[in-house]
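Turn these sequences into a full structure, and let the hints steer you where they fit.
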Amino acid sequence: MTGSTVFLPTTGGGPVSTTPVDAVSLEARAAALCTRSIKTTSKQAALHTTIRCIDLTTLEGTDTPGKVASLCQKAIRPDPANPAIPSVAAVCVYPEMVEHAVEAVVGTGVIVASVAGAFPAGMSAPAVRVADIADAVGRGAGEIDIVLNRSAFLSGDLGRAHDEIAAAKDTCGAAHLKVILETGELGSYDQVRRASMLAMAAGADFIKTSTGKLPRAATHPMVLNMAEAIRDYADQTGVVVGLKGAGGIRTAKQAWHHLVIVGETLGTDWLTPDLFRLGASSLLNDVLMQIQKLDTGRYSGPDYVTVD
Amino acid sequence: MAPTDNPPEPFGIDYAPAPESTAVVNIADTYGHFINGAFVEPSSGATFPTVNPATEAHLADVADGSAEDVDRAVAAARTAFEGPWGQMSGSERGRYMFRIARQLQERSREFAVLETMDGGKPIRESRDLDLPLSAAWFFYYAGWADKLEYAFPNRAVAPHGVAGQIVPWNFPLMMAAWKLAPALAAGNTVVLKPAETTPLTALLLADVLLDIDLPPGVVNIVTGAGATGAAIVDHRGIDKLAFTGSTEVGKAIQRAASTRRIPLTLELGGKAAHIVFEDSAVDQAVEAVVTGIYSNQGHVCCAGSRLLVEESIADQFVERLRHRISMLRLGDPLDKNTDVGAINSADQLQCITDMVATGVAEGADLYQPECDLPDKGYWFPPSVFTGVQQSHTVAREEIFGPVLTVQTFRTAEEAVEKANNTPYGLSAGIWTEKGSKILWMTEKLRAGVVWANTYNRFDPASPFGGYKESGFGREGGMHGLAPYLHERTGVTGGGA
Chain A
1 MTGSTVFLPT TGGGPVSTTP VDAVSLEARA AALCTRSIKT TSKQAALHTT IRCIDLTTLE
61 GTDTPGKVAS LCQKAIRPDP ANPAIPSVAA VCVYPEMVEH AVEAVVGTGV IVASVAGAFP
121 AGMSAPAVRV ADIADAVGRG AGEIDIVLNR SAFLSGDLGR AHDEIAAAKD TCGAAHLKVI
181 LETGELGSYD QVRRASMLAM AAGADFIKTS TGKLPRAATH PMVLNMAEAI RDYADQTGVV
241 VGLKGAGGIR TAKQAWHHLV IVGETLGTDW LTPDLFRLGA SSLLNDVLMQ IQKLDTGRYS
301 GPDYVTVD
Chain B
1 MAPTDNPPEP FGIDYAPAPE STAVVNIADT YGHFINGAFV EPSSGATFPT VNPATEAHLA
61 DVADGSAEDV DRAVAAARTA FEGPWGQMSG SERGRYMFRI ARQLQERSRE FAVLETMDGG
121 KPIRESRDLD LPLSAAWFFY YAGWADKLEY AFPNRAVAPH GVAGQIVPWN FPLMMAAWKL
181 APALAAGNTV VLKPAETTPL TALLLADVLL DIDLPPGVVN IVTGAGATGA AIVDHRGIDK
241 LAFTGSTEVG KAIQRAASTR RIPLTLELGG KAAHIVFEDS AVDQAVEAVV TGIYSNQGHV
301 CCAGSRLLVE ESIADQFVER LRHRISMLRL GDPLDKNTDV GAINSADQLQ CITDMVATGV
361 AEGADLYQPE CDLPDKGYWF PPSVFTGVQQ SHTVAREEIF GPVLTVQTFR TAEEAVEKAN
421 NTPYGLSAGI WTEKGSKILW MTEKLRAGVV WANTYNRFDP ASPFGGYKES GFGREGGMHG
481 LAPYLHERTG VTGGGA
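Protein chains in written order, with the numbering used here: chain A, 1 to 308; chain B, 1 to 496.
Derived by calculation from the structure, the hints in this document are not laboratory data.
Computed from a predicted model, the values in this text were never measured in an experiment.
Each residue gets a CB set at the ideal place from its N, CA and C atoms; glycine is no exception.
Check before you lean on any hint, since a few could be wrong.
[Said to hold, decoys possible] Cβ pair distances, simulated, as ranges:
{"hint": "1", "chain 1": "A", "residue 1": "LYS39", "chain 2": "B", "residue 2": "GLU414", "range": "47 to 55 Å"}
{"hint": "2", "chain 1": "A", "residue 1": "GLY187", "chain 2": "B", "residue 2": "PHE48", "range": "58 to 66 Å"}
{"hint": "3", "chain 1": "A", "residue 1": "GLY187", "chain 2": "B", "residue 2": "THR358", "range": "47 to 55 Å"}
{"hint": "4", "chain 1": "A", "residue 1": "ASP274", "chain 2": "B", "residue 2": "ARG109", "range": "40 to 48 Å"}
Structure, rendered in structure tokens:
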């Protein structure tokens with residue numbers, strides 16, 4: 001299409017093109033989807049699906065083996081009083097914490113994801129970024145979350161932005177690669193759409209909104225925009241890519257409207273941990289409180305769920 | 001629900017029912033006309049039923065207005081015009097109008113539920129569109145009531161007197177608000193006739209008018225069908241006529257009105273072209289095309305009923321369109337997740353059914369998604385015709401239902417030529433990211449409203465109205481005040 005950017009997927013096949021995005025209409029569509037009224041059995045299903053898709057995250061300079069062990073226990077058994085509550089999809093930690101997390105979740109089905117590649121800015125030499133990724137994979141991470149090189153992307157060096165992702169994908173081996181676009185720094189929905197296509201063409205298994213370090217992260221229109229990019233990519237290449245929203249998702253209601261947006265845009269096939277994740281820390285407890293409310297008819301309160 | 005060992009089903013988009021409660025509305029068994037500040041029995045004693053088109057349930061019996069009833073209403077309006085309303089200052093008129101606006105906001109849920117029950121439109125639309133816009137219209141024109149001398153500087157303007165207003169069934173309350181607000185702001189009194197299939201929200205509005213102590217006779221509401229409307233059109237005590245509805249009835253009104261000197265505004269049918277270029281924001285264009293034709297079941301005079309898509313992207317665009325249409329949720333209009341509600345009446349359903357049959361017979365390809373239509377009520381699935389030619393009936397005539405036709409074009413000139421090749425000229429839509437193309441197109445398109453990279457967007461400050469057989473006169477903005485005023489001569493002083 002005229003004026004659009006074209007990428008050649010590293011996996012082969014013909015070129016893929018991007019389309020412009022109309023911001024006003026995109027936001028209106030997202031707002032309309034957020035009026036979907038999710039009640040009773042749908043709410044119960046949404047809350048369980050949300051938990052199953054959570055990447056329970058701690059990315060602090062103060063993280064310790066003890067803190068990570070506690071997080072992992074919460075990930076495996078979110079509500080000790082209710083065995084019907086499923087485990088979350090993954091825990092997401094810094095590379096230094098990967099081995100502790102792997103030890104804690106072994107045999108439970110919970111995956112250990114690690115940020116890597118000079119997270120969160122990505123402002124290191126390509127070789128350093130690759131080495132960081134290799135280190136995290138070597139420690140046992142099953143999934144690697146890296147950032148798009150925004151410096152390269154915004155300065156117009158799309159080749160470098162692309163090649164760094166492709167190199168990361170090679171380094172990951174069997175580990176899944178999630179590429180964080182850091183949407184809050186890209187300036188427009190058009191740029192996010194373009195960055196989404198670039199990341200997918202470079203081999204991302206997932207595209208992810210944000211590091212969680214910045215505001216204006218996983219907003220509903222942003223997730224809708226990226227879901228539409230994923231649909232575009234699948235239509236053009238047949239390749240199915242996952243979507244991870246992260247940053248600012250704190251309430252169950254926000255989360256189920258993300259499910260609505262993805263479900264009505266990409267289809268319910270996407271609403272599994274294989275293709276959809278929500279990166280969050282405080283979200284899980286709000287979901288647990290909502291489930292308690294559905295089960296008992298009463299709101300309990302934050303003292304009736306565990307802090308970690 | 002008790003805790004269970006069985007995990008729930010995976011989340012799906014076949015959402016559990018989320019019906020809006022009807023407990024908030026209180027529908028009487030029978031309604032009289034609202035004349036001179038009170039509900040009165042019809043002179044003939046005749047009534048007609050109004051039903052819920054989604055269930056065919058009987059909602060109420062409503063007075064059938066005779067010429068005698070219209071005469072009483074006009075007399076009451078005349079008295080109010082010569083009495084309190086005519087002598088009132090503009091700022092005081094504005095205060096009444098602000099009160100109406102605030103009451104519509106405060107009682108918006110009640111109005112929205114009633115609108116959906118009587119008309120069949122999804123509650124999402126009556127709640128998020130009809131009610132906010134109805135209130136906005138009163139707020140906006142309330143602000144003009146004491147500023148007429150600024151709207152028409154150096155001209156002495158005065159209200160006509162008694163305005164006769166006939167409104168349609170597609171946006172019953174909103175169309176009443178569009179008509180009443182400028183008329184009242186300008187200082188006229190009104191005899192309003194809501195459509196026969198959807199009279200209930202206008203009658204609930206009468207309740208609001210009583211609550212806010214609007215002087216008796218300023219707004220009179222006479223219910224009935226075509227004969228009642230004709231009695232208003234023919235009444236010699238009416239000083240100004242305004243009609244929104246079909247082109248056919250609009251022509252009849254203009255014929256009748258032409259026998260005497262009376263100002264007239266008509267907002268009639270449309271067959272809008274929605275033009276999508278290959279350099280558009282495609283996903284948003286798909287969305288706009290879908291909401292442009294399927295919202296309110298296509299019962300919209302400015303509906304984007306003709307999609308003109310650039311041939312180079314037509315196949316992909318239609319494929320995406322079909323997918324999107326397959327996601328529309330048709331069903332109980334009171335369910336908060338319903339996208340497409342019930343057809344307004346059995347008669348309208350028959351019209352749509354006949355038109356679609358004509359389209360098939362003339363050789364266009366019909367696509368309808370698989371969807372279960374409820375057993376009771378009036379329903380029609382969202383429909384798309386591809387392979388449509390300019391000469392096909394479905395591309396020429398207004399269907400006023402959830403039916404889209406798809407044609408292609410090669411150049412912008414061709415798009416304009418096809419878009420303008422219609423007796424109508426109400427609205428058009430353009431989707432392109434290229435600003436200069438938008439400007440070029442808007443100069444060429446013969447349509448009263450041209451939306452660029454959006455569709456069906458309304459604001460009380462923005463004039464709306466048509467060319468050609470879509471009518472004349474504008475509603476909204478300062479332009480919407482003008483038809484309710486005339487220039488005085490031989491008087492001193494400025495404002496009304």
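Going through the hints against the structure:
Range check, A/LYS39 to B/GLU414: about 49 Å between beta-carbon atoms, so the 47 to 55 Å window is met. Hint check: A/GLY187 to B/PHE48, Cβ distance near 59 Å, so the stated range 58 to 66 Å holds. With their beta carbons about 50 Å apart, A/GLY187 and B/THR358 fall inside the hinted range of 47 to 55 Å. At about 41 Å, the CB distance of A/ASP274 to B/ARG109 agrees with the hint of 40 to 48 Å.
When each numbered hint is compared with the structure, no violation occurs for any of them.
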